[in-house]
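Protein chains: 2
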Amino acid sequence: MANDSATTARKTNRRAGGRSGNARRTTGFHLEQMPWRIPVNPDRPTEPVDTEGVQAIHKGAMHILENIGIEFLNDEALTILKDAGCRVTGNNVRMGEDFVMEMVARAPTEFTITPRNPDRAVTIGGKHMVFVNVSSPPNSWDIHRGKRSGDFETFKDFMKLTQFFNCIHIAGGYPVEPIDIHPSVRHLDCLFEKLTLTDKTCHAYSLGRERVEDVMEMVRIAGGLSDDEFNAAPRMYTNINSVSPLKHDFPMIDGALRLARRGQPVMVTPFTLAGAMAPVTMSGAVTLSIAEGLAAIALLQYAAPGCPVGIGTFTSNVDMRSGAPAFGTPEYMRATQITGQLARFYGLPLRSSGVCTANIPDAQAMWETSNSLWAAVQSGTNMVYHAAGWLEGGLIASPEKFVMDCEVLQMIQRYFEPATFATTPEDIALSAITEVGPNGHYFGCAHTQARYTDAFYSPIASDWRNYEAWEADGAVDTPERAHRIYRGIVDNFEPPTMDESIREELADYVARRKAEGGAPTDF
Amino acid sequence: MANDSATTARKTNRRAGGRSGNARRTTGFHLEQMPWRIPVNPDRPTEPVDTEGVQAIHKGAMHILENIGIEFLNDEALTILKDAGCRVTGNNVRMGEDFVMEMVARAPTEFTITPRNPDRAVTIGGKHMVFVNVSSPPNSWDIHRGKRSGDFETFKDFMKLTQFFNCIHIAGGYPVEPIDIHPSVRHLDCLFEKLTLTDKTCHAYSLGRERVEDVMEMVRIAGGLSDDEFNAAPRMYTNINSVSPLKHDFPMIDGALRLARRGQPVMVTPFTLAGAMAPVTMSGAVTLSIAEGLAAIALLQYAAPGCPVGIGTFTSNVDMRSGAPAFGTPEYMRATQITGQLARFYGLPLRSSGVCTANIPDAQAMWETSNSLWAAVQSGTNMVYHAAGWLEGGLIASPEKFVMDCEVLQMIQRYFEPATFATTPEDIALSAITEVGPNGHYFGCAHTQARYTDAFYSPIASDWRNYEAWEADGAVDTPERAHRIYRGIVDNFEPPTMDESIREELADYVARRKAEGGAPTDF
Numbered sequence: 001m002a003n004d005s006a007t008t009a010r011k012t013n014r015r016a017g018g019r020s021g022n023a024r025r026t027t028g029f030h031l032e033q034m035p036w037r038i039p040v041n042p043d044r045p046t047e048p049v050d051t052e053g054v055q056a057i058h059k060g061a062m063h064i065l066e067n068i069g070i071e072f073l074n075d076e077a078l079t080i081l082k083d084a085g086c087r088v089t090g091n092n093v094r095m096g097e098d099f100v101m102e103m104v105a106r107a108p109t110e111f112t113i114t115p116r117n118p119d120r121a122v123t124i125g126g127k128h129m130v131f132v133n134v135s136s137p138p139n140s141w142d143i144h145r146g147k148r149s150g151d152f153e154t155f156k157d158f159m160k161l162t163q164f165f166n167c168i169h170i171a172g173g174y175p176v177e178p179i180d181i182h183p184s185v186r187h188l189d190c191l192f193e194k195l196t197l198t199d200k201t202c203h204a205y206s207l208g209r210e211r212v213e214d215v216m217e218m219v220r221i222a223g224g225l226s227d228d229e230f231n232a233a234p235r236m237y238t239n240i241n242s243v244s245p246l247k248h249d250f251p252m253i254d255g256a257l258r259l260a261r262r263g264q265p266v267m268v269t270p271f272t273l274a275g276a277m278a279p280v281t282m283s284g285a286v287t288l289s290i291a292e293g294l295a296a297i298a299l300l301q302y303a304a305p306g307c308p309v310g311i312g313t314f315t316s317n318v319d320m321r322s323g324a325p326a327f328g329t330p331e332y333m334r335a336t337q338i339t340g341q342l343a344r345f346y347g348l349p350l351r352s353s354g355v356c357t358a359n360i361p362d363a364q365a366m367w368e369t370s371n372s373l374w375a376a377v378q379s380g381t382n383m384v385y386h387a388a389g390w391l392e393g394g395l396i397a398s399p400e401k402f403v404m405d406c407e408v409l410q411m412i413q414r415y416f417e418p419a420t421f422a423t424t425p426e427d428i429a430l431s432a433i434t435e436v437g438p439n440g441h442y443f444g445c446a447h448t449q450a451r452y453t454d455a456f457y458s459p460i461a462s463d464w465r466n467y468e469a470w471e472a473d474g475a476v477d478t479p480e481r482a483h484r485i486y487r488g489i490v491d492n493f494e495p496p497t498m499d500e501s502i503r504e505e506l507a508d509y510v511a512r513r514k515a516e517g518g519a520p521t522d523f
Numbered sequence: 001m002a003n004d005s006a007t008t009a010r011k012t013n014r015r016a017g018g019r020s021g022n023a024r025r026t027t028g029f030h031l032e033q034m035p036w037r038i039p040v041n042p043d044r045p046t047e048p049v050d051t052e053g054v055q056a057i058h059k060g061a062m063h064i065l066e067n068i069g070i071e072f073l074n075d076e077a078l079t080i081l082k083d084a085g086c087r088v089t090g091n092n093v094r095m096g097e098d099f100v101m102e103m104v105a106r107a108p109t110e111f112t113i114t115p116r117n118p119d120r121a122v123t124i125g126g127k128h129m130v131f132v133n134v135s136s137p138p139n140s141w142d143i144h145r146g147k148r149s150g151d152f153e154t155f156k157d158f159m160k161l162t163q164f165f166n167c168i169h170i171a172g173g174y175p176v177e178p179i180d181i182h183p184s185v186r187h188l189d190c191l192f193e194k195l196t197l198t199d200k201t202c203h204a205y206s207l208g209r210e211r212v213e214d215v216m217e218m219v220r221i222a223g224g225l226s227d228d229e230f231n232a233a234p235r236m237y238t239n240i241n242s243v244s245p246l247k248h249d250f251p252m253i254d255g256a257l258r259l260a261r262r263g264q265p266v267m268v269t270p271f272t273l274a275g276a277m278a279p280v281t282m283s284g285a286v287t288l289s290i291a292e293g294l295a296a297i298a299l300l301q302y303a304a305p306g307c308p309v310g311i312g313t314f315t316s317n318v319d320m321r322s323g324a325p326a327f328g329t330p331e332y333m334r335a336t337q338i339t340g341q342l343a344r345f346y347g348l349p350l351r352s353s354g355v356c357t358a359n360i361p362d363a364q365a366m367w368e369t370s371n372s373l374w375a376a377v378q379s380g381t382n383m384v385y386h387a388a389g390w391l392e393g394g395l396i397a398s399p400e401k402f403v404m405d406c407e408v409l410q411m412i413q414r415y416f417e418p419a420t421f422a423t424t425p426e427d428i429a430l431s432a433i434t435e436v437g438p439n440g441h442y443f444g445c446a447h448t449q450a451r452y453t454d455a456f457y458s459p460i461a462s463d464w465r466n467y468e469a470w471e472a473d474g475a476v477d478t479p480e481r482a483h484r485i486y487r488g489i490v491d492n493f494e495p496p497t498m499d500e501s502i503r504e505e506l507a508d509y510v511a512r513r514k515a516e517g518g519a520p521t522d523f
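If you read the protein sequences in the order shown, they are chains A and B. FYI, the numbering for the first sequence is 1 to 523, going by the UniProt record's numbering. FYI, the numbering for the second sequence is 1 to 523, going by the UniProt record's numbering.
Calculated from the structure, these hints are not laboratory results. From the three backbone atoms N, C-alpha and C, an ideal C-beta is built for every residue, glycine too. Some clues are possibly wrong.
With the C-beta cut set under 8 Å, the calculated list includes, among others, these residues of chain A facing chain B [unchecked claim]:
hint, residue
1, H30
2, D43
3, R87
4, A105
5, H144
6, I179
7, H182
8, A232
9, A233
10, A276
11, M277
12, R414
13, A429
14, A455
With the C-beta cut set under 10 Å, the calculated list includes, among others, these residues of chain B facing chain A [as the list claims (entries may be wrong)]:
hint, residue
15, W36
16, I38
17, N67
18, F99
19, V104
20, A105
21, P108
22, E110
23, T112
24, T114
25, P418
26, P438
27, P459
28, G474
29, A475
Lysine to aspartate or glutamate pairs mimicking EDC-like chemistry, simulated, CA-CA at most 20 Å apart [as the list claims (entries may be wrong)]:
hint, chain 1, residue 1, chain 2, residue 2
30, A, K59, A, E47
31, B, K147, B, E480
32, B, K127, A, E471
33, A, K156, A, E102
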């Protein structure tokens with residue numbers, strides 16, 4: 001097969017490790033991947049906007065909050081904000097700059113989420129950058145089955161990929177929506193699988209009280225925690241979206257308040273599509289996004305002072321011919337970078353995404369995804385949603401794309417490593433240059449020999465052989481190589497360890513809540 | 001067909017234009033591309049190395065030049081450098097920091113090359129960034145014919161692509177080596193086609209006196225210039241490579257001196273492959289590259305004070321399993337960025353490349369190419385070689401890849417446009433946000449209507465339709481879409497205008513030089 005480079009163990013590589021429980025050695029499948037780490041982004045962010053530009057967007061957002069107002073379709077939120085001194089007219093809430101900035105200042109600039117396996121704790125904020133699996137597509141696509149609706153088996157496959165790859169730090173939303181599970185109990189089945197197939201940080205959809213409470217309870221059980229222990233520190237998180245323009249709906253705010261009051265993080269991510277739900281100008285769309293995001297953050301900080309929050313960006317542009325969203329565009333990149341500047345201005349962790357418009361994992365998918373992932377790097381993003389597996393503007397999750405994206409994520413992690421830009425005397429290597437002189441080569445010199453096993457990034461899905469070797473071995477293209485890796489991972493998957501009593505308690509909880517009917521489905 | 005988005009004229013788009021002579025309207029083929037412009041990179045470069053790191057590399061390079069020395073396999077160069085006060089021992093030349101820095105300071109930080117069509121003048125240096133077609137692969141590959149040796153017809157096809165795309169600013173080296181033309185006269189036939197099929201800046205290979213002199217003469221004729229006019233300003237350029245480690249060969253230096261003395265620019269690009277011809281550490285490989293580059297630049301500035309030069313980077317790493325070069329890696333990105341820091345330290349224009357390791361234009365090709373092109377942006381590169389069409393580490397030129405890369409180049413050009421990050425009151429758009437309020441959308445508002453035709457990037461090879469529309473239309477993947485665009489361009493190509501007397505003079509020159517036997521092939 002073509003990707004022996006990706007599937008053959010290379011015992012000499014010191015970057016091996018961190019794979020325990022991930023791959024069964026007996027079957028011959030083995031993927032050399034990077035060990036688990038929380039990447040730290042050493043680069044100065046790209047700042048397209050100057051100080052005056054940041055002020056212009058900030059003042060614009062404050063103008064929106066003070067003079068136009070945000071609609072909260074949630075009575076509890078209205079009551080809280082009225083109590084806080086905001087001007088509440090029906091669902092419309094107007095808040096002054098002083099109040100907003102006082103509330104925003106309460107938010108920590110950085111926090112750590114500790115899932116049931118404390119070795120998988122993630123730090124959100126500062127220069128840290130973590131990657132989340134693709135979340136919420138209704139469909140999946142793979143090279144053999146094409147596009148089809150999401151189902152539970154496919155959901156589990158993606159959970160296995162999420163657990164397997166060390167460069168995926170968080171098991172976010174459902175990689176595909178398993179429509180073969182009734183919505184009233186879907187969250188119970190999904191969370192049971194997520195909590196047993198992975199030991200990484202979990203997410204709760206803020207889609208109704210029961211769902212949120214069930215997920216918090218299941219995460220508490222999986223961690224073997226008391227209520228007090230759960231409440232004492234971040235163990236999971238939610239992400240909420242506004243309904244742009246200028247609106248927050250009931251269930252998202254309800255869920256956010258529930259988590260915030262128990263000390264669990266809330267990422268607030270408006271979806272401001274320039275030219276559709278937001279101004280056609282990128283800084284206008286960012287201004288609207290910031291206003292919507294800060295409104296929710298102010299609410300949460302008043303209700304639960306100091307609760308961990310982050311601000312998200314999902315600002316992109318439409319295709320002006322069709323009105324459909326386009327992702328991974330130049331405009332998307334700039335909006336992400338600008339939002340990063342604002343996030344630092346407010347001292348808030350930033351979420352962005354790894355996104356594309358393409359329908360299949362071909363060349364277009366990767367130039368668009370590269371654009372969005374490098375924009376995440378350049379913006380100083382702390383949490384990258386949809387970092388692996390996303391296609392068709394979020395309507396498809398693809399296992400091949402998941403594997404390909406993990407290649408790019410690993411390259412970003414390697415790019416962050418100081419070894420790639422160190423300038424110690426050993427790196428400048430004058431003694432090796434003297435030794436080799438003008439007529440030798442560096443393969444054999446001591447300086448190379450001491451370093452070659454981990455001097456460079458080792459790819460997983462890339463084929464670096466020449467054309468003839470690649471062709472003689474079947475001319476296997478990237479999606480097929482990625483497919484074989486995906487099958488190898490899923491077919492050889494071994495779940496992380498879990499105490500049997502905890503597994504039983506989780507199963508009992510799911511059974512009891514199913515018997516009670518799960519969650520209402522009429523919201 | 002799938003790419004009607006790319007081939008249908010959209011008359012409303014104000015970015016139309018600059019296409020005169022590029023596409024025959026009568027056939028129905030039309031590609032909406034960006035107009036010609038010299039992109040200006042507004043971003044602050046990414047600087048992985050701090051001031052001390054820049055000094056460490058600089059001092060390392062100076063140590064190499066002063067204590068190890070560079071071999072010049074060119075007697076004229078040795079004579080010149082001896083005259084300049086360098087210590088010459090056999091072919092080895094050692095030069096002190098003061099001399100090197102004095103010579104480097106003679107080089108202009110920026111210069112303009114004016115080809116036969118002055119509208120196609122390119123500025124090299126400062127924040128300008130220009131793109132050069134793929135140069136020098138021995139083979140071509142397309143989706144229907146696979147990999148095959150380069151030939152003259154394919155060479156001409158690539159020249160047509162080079163001329164057609166406004167985002168390709170320079171007709172660099174041969175996109176494929178036309179092996180069906182005898183090497184003694186190949187440069188004559190190739191340059192005739194290059195100078196008649198395109199009106200963009202040309203390049204001469206520094207591969208022997210006759211080739212260099214012929215190309216200069218042909219560029220002079222094509223521009224309708226006297227010798228004095230040709231010598232008065234840059235009209236073309238050459239690129240030379242060192243023979244790493246620590247060596248410059250005869251023909252490259254010979255050609256460089258010939259061009260420099262006639263005021264024509266020389267880009268000096270060492271090929272320092274970390275772990276093979278250079279230290280396995282990236283800053284070591286960059287240090288060696290800088291030393292080799294500055295040695296040649298010092299020579300040129302002593303021989304022709306103030307002559308336009310640039311420094312190139314071609315530092316990447318090998319695949320440590322095979323020893324073969326790998327491109328578009330994280331290490332490649334850092335080496336490019338670091339070289340950018342050094343280029344600014346010396347005040348020299350920078351050349352880098354758009355490169356990949358992949359064998360076919362699939363997903364891997366585009367994540368690797370995106371890595372290298374974004375590294376070019378982040379490094380402040382002024383001239384991007386191989387910006388469109390490169391595959392298999394430079395062994396293949398592909399027309400489909402050419403079209404795909406032009407999509408990425410256009411996105412970079414759009415990314416540079418201030419409109420993507422402007423923060424004027426009209427951009428912040430508070431009046432539109434007020435007008436639309438919480439219950440409307442932005443499609444119809446005046447702010448959008450006034451801007452929508454050119455608010456966002458319009459793709460050429462991307463398909464932004466949803467999966468079902470794309471599938472119903474044949475499920476055409478990116479390489480096939482790119483292939484159709486390539487055929488449309490080539491089949492409908494109309495060459496730029498050229499005065500008939502000049503064409504005849506060029507043809508006569510080629511005939512005469514062929515009769516004389518062309519260039520010797522024994523070097």
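Was the hint right that P459 (chain B) lines chain A, CB cutoff 10 Å?
-> holds (8 Å)
Restraint outcome when W36 (chain B) is required to lie within 10 Å of chain A by C-beta distance | violated (18 Å)
Return the status of the interface hint for P108 (chain B): holds when the least beta-carbon distance to chain A is below 10 Å, violated otherwise.
-> violated (28 Å)
Residue hint T114 (chain B), partner chain A, criterion CB-CB below 10 Å = violated (29 Å)
Restraint outcome when H144 (chain A) is required to lie within 8 Å of chain B by C-beta distance | violated (15 Å)
How about T112 (chain B): closest beta carbon in chain A under 10 Å, or not?
-> violated (27 Å)
CA of K147 (chain B) to CA of E480 (chain B), is that 20 Å or under?
-> holds (16 Å)
Hint check: 10 Å Cβ-Cβ cutoff, E110 (chain B) to chain A = Where the cut-off is 10 Å and the nearest Cβ of chain A is about 23 Å from E110 (chain B), the hint is violated.
Taking 8 Å as the limit, does the beta-carbon of A455 (chain A) come near enough to a beta-carbon in chain B?
-> holds (5 Å)
Would the pair K156 (chain A) and E102 (chain A) pass a check requiring their Cα atoms to be no farther apart than 20 Å?
-> Measuring from Cα to Cα gives roughly 43 Å; hence the hint is violated.
Restraint outcome when N67 (chain B) is required to lie within 10 Å of chain A by C-beta distance | With a minimum Cβ separation of about 8 Å from chain A (threshold 10 Å), the hint on N67 (chain B) holds.
Taking the closest Cβ pair, is A429 (chain A) under 8 Å from chain B?
-> holds (3 Å)
Of the hints listed earlier, those the structure fails to meet are numbers 1, 3, 4, 5, 6, 7, 8, 9, 15, 16, 18, 19, 20, 21, 22, 23, 24, 28, 32 and 33, in rising order.
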